[in-house]
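K.L.:
This is what each chain is made of:
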Amino acid sequence: MTGGTGPALQAGRAVRAEWTKLRTLPSTAWLLLALAAVTVAVGAAVTGAVDTSHCVTPAGCREDTPKLALSGVRLGQVAAVVLGVVAVGGEYATGTISVTLAAVPRRWAVLAAKAAVVAGAVAVAGTAGVLGSLAAGRGILSGNGFTAANGYPPLSPLDGPTARAAAGTVLYLVLVALLALGAGTALRDQAGAVTAVLGALWLVPLVAGMVGDDAWRDRLDKYAPMSAGLAVQATRELDRLPIGPWAGLGVLAAYAAAALLAGAAVLAARDA
Amino acid sequence: MTAPAPPAPPSYRSTVAGEARDGFGRLLLAEWTKLRTVPRWTLTLLAAVVLMVAVAMLSASDSGSSGPEEKRSPTAQLQIIDLGHYTYLPLAGDGSVVARVTSQDGGGAWAKAGLMIRGSAERGAPYAALAVTPGHGVRMLTGYRRDGAGGGTATAPQWLRLTRAGAAVTGYASADGRAWRRVGSVRVDGLRGRALAGMFVAAPDEVEVRRVFGGEIISGKPGDTTATFDNVAVSPPAPDAAWLDRGGPGGPAADPALDGSTRSGGTFTLKGTGDIGPDEFAPDVTKATLAGAMIGQAAIVALAVLFMTAEYRRGTLRTTFAASPRRGRVLAAKAVVVGLASLAAGLVAAFASVLLARPLLESGGIAPPPVSDPAVLRAVVGTAALLAVLAVFALAVAVIVRRSAVAIAAVLLVLLVPEITATGLPVAAARWVERVTPAAGFAIQQTVTRYDAAIGPWAGLGVLCAYTAAALAAAAWLLRRRDA
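Protein sequence lines correspond, in order, to chains X and W. Mapping of the first sequence onto UniProt numbering: position 186 corresponds to residue 186, and the numbering continues sequentially without gaps. Mapping of the second sequence onto UniProt numbering: position 63 corresponds to residue 63, and the numbering continues sequentially without gaps.
Keep in mind that the hints were calculated from the coordinates and are not lab data. What you are looking at is a predicted structure, and each value in this text was computed from that prediction instead of being measured. All C-beta atoms in this analysis are idealised placements derived from N, C-alpha and C, irrespective of residue type, glycine included. Some hints could be false.
[To be verified] Derived Cβ-Cβ restraints for the label pairs, each shown as a range:
no., chain 1, residue 1, chain 2, residue 2, range
1, X, W246, W, R40, 38 to 48 Å
2, W, T319, X, S98, 37 to 47 Å
3, X, D159, W, S103, 49 to 59 Å
4, X, G139, W, P359, 34 to 44 Å
5, X, W30, W, V38, 23 to 33 Å
6, W, A473, X, T24, 31 to 41 Å
7, X, P7, W, P39, 38 to 48 Å
8, W, V212, X, S98, 54 to 64 Å
9, X, P161, W, L46, 27 to 37 Å
10, W, L355, X, A262, 33 to 43 Å
[Stated by the list, open to error] Listing some non-contacts, in silico: residues in chain W with all C-beta distances to chain X over 10 Å:
no., residue
11, P157
12, V212
13, F213
14, R263
15, L317
16, F321
17, A459
18, A476
Model the full structure from these sequences, guided by the hints.
P.N.:
Here you go:
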């Protein structure tokens, strides 16, 4: 293929092609909607279930209200995982990957274009979910005793730590989708990739809970993708965290980068 | 096929059709062959087993390092509590004890005041007791179980009578001391020869929940209760025997205002703290050993989903339906095959987990209950059944969704919801989630009834089975309506 006058234009075309593919799949819209809706609904349900009745004093609970309101991403992220895996796995399942690679022979460019459109789509849906969660939390929390008088100012995405938690949560979702995209490219098998990524996110923290040894539990909390990445949601008692907020997100970013690199390597080395 | 073929023109009809359609057995064989001959799938089953056993070893080997130096008391090993206050006389053989509980104060709905015949004053000794409670009527209690025969709404004042004949103890209650009704009868293994008979009070721990740092700290605070008794009589009366007391374990924590007995004339006042019954805070060693099922289920779910979606993806489902047009039967055969394969893998994994974890636990100073224990056997076999039902559930969801990625994600989501949301959720809400989602099936792994038990073992498995039946029905309906 000789079309295009420069690498930038070619890259732009690859991104546009991937965006068309992603946009025109009905499942994409459903997954993005599920991402935002599950995040908001679960966040609101969890926030609604918590009140100050078991606190020594309402202020003594030291409840991390932004983290509580954003807890829906623990479940909502499943849509980002599926989207990331399906974005590439769907092409292998139907065989269109050969057509894609014929159109854009530089394989890393295909993966980069896919990563760009998946990240963009998840960032938009994730922002909607995060802002919706904060709005729902703002309405619910004051009714449950977490009032400004008790030391819990109303949630606002403009407040410093809350802004970090909110932006960090959107980044978390993007990184999870990229991790899934990398795993899907490396494994090529949708079922295997979804199981592997969800296992890494959801099951590793469970294993940490089953381990009795404190040193190992600490290590798992620090380096498990979900527990490390979600450290970015903490807004108070930061010294109690096993890993700092941005450092934790950095751990997840490292996993996502490793998965994408592995995916790129497999894509380059193997026949499609 | 059966009759010798006449030398007529050969039939154009396939000879396979008659054979392939002739029964469920052949369908099962066909599906089993499909499952068996994909190496990746057998490896997945193997991975489920290995994951479960590995988690069991991991949790068992670590539990020892937490504190091998402390010697666990006999009651702690039996996972029971034997506290409260007991005031007694010797009972040489058969006989009875009678008393009227005139008042009962404090300790909650399960506070107990009543009569007890027990083998000895040692903690953990066999006993039979008849007690009146503020909220659960008159109960016949034995074996350190939570509740027993009886019930109703009777409260103090209440006449109680306990009669022993050998190892059989029968309890009677009466409102007026004249018209007696039988509450229940129990056989107390280990009650022979000399025994003790008298009055007791006991009260279960109050569960205290304190929320801090976005989590909940749960602790048990011993409940205390007071009761008065009169018209106390032990027959046959032992010559020159004096009433003896067995109170709390003593030490600096003992508080005379909460534990003790006083007597004025024929009226006894007993005060006691702590319960006689199961330890609600006891660790469930067997459940912890089998917790690997939570991890291994991921492999089982993936396998069950692929068992269906692979046929959609490769189009082999059309061949399958051409060979066997009754689609419901194909689904049933698939469910039976994947369920039995998961059951077999689960049995291997669960028995291996319990047997291999035992020496590790013992070296850590923990005595796990034997596999022959009915509750442990239920948990072990139940874990295999749980995985089998999970597999059928995942298969049904796969038929409904038809996409492997979405089906696996959806099934793992509903099975892990309680675990994922548990951090930060109040205990009451977390228990509710554990009751209403398919994850309730994991309750079958319980071997002791703890304060945080969301649902009973069989009821929990029943919830999962109900979800599975509903999903299977929807799957069968959709399978018949939609093009393959």
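K.L.:
Please list, smallest to largest, the hint numbers that this structure does not respect.
P.N.:
Violated hints: 2, 4, 9, 12, 13; rest satisfied.
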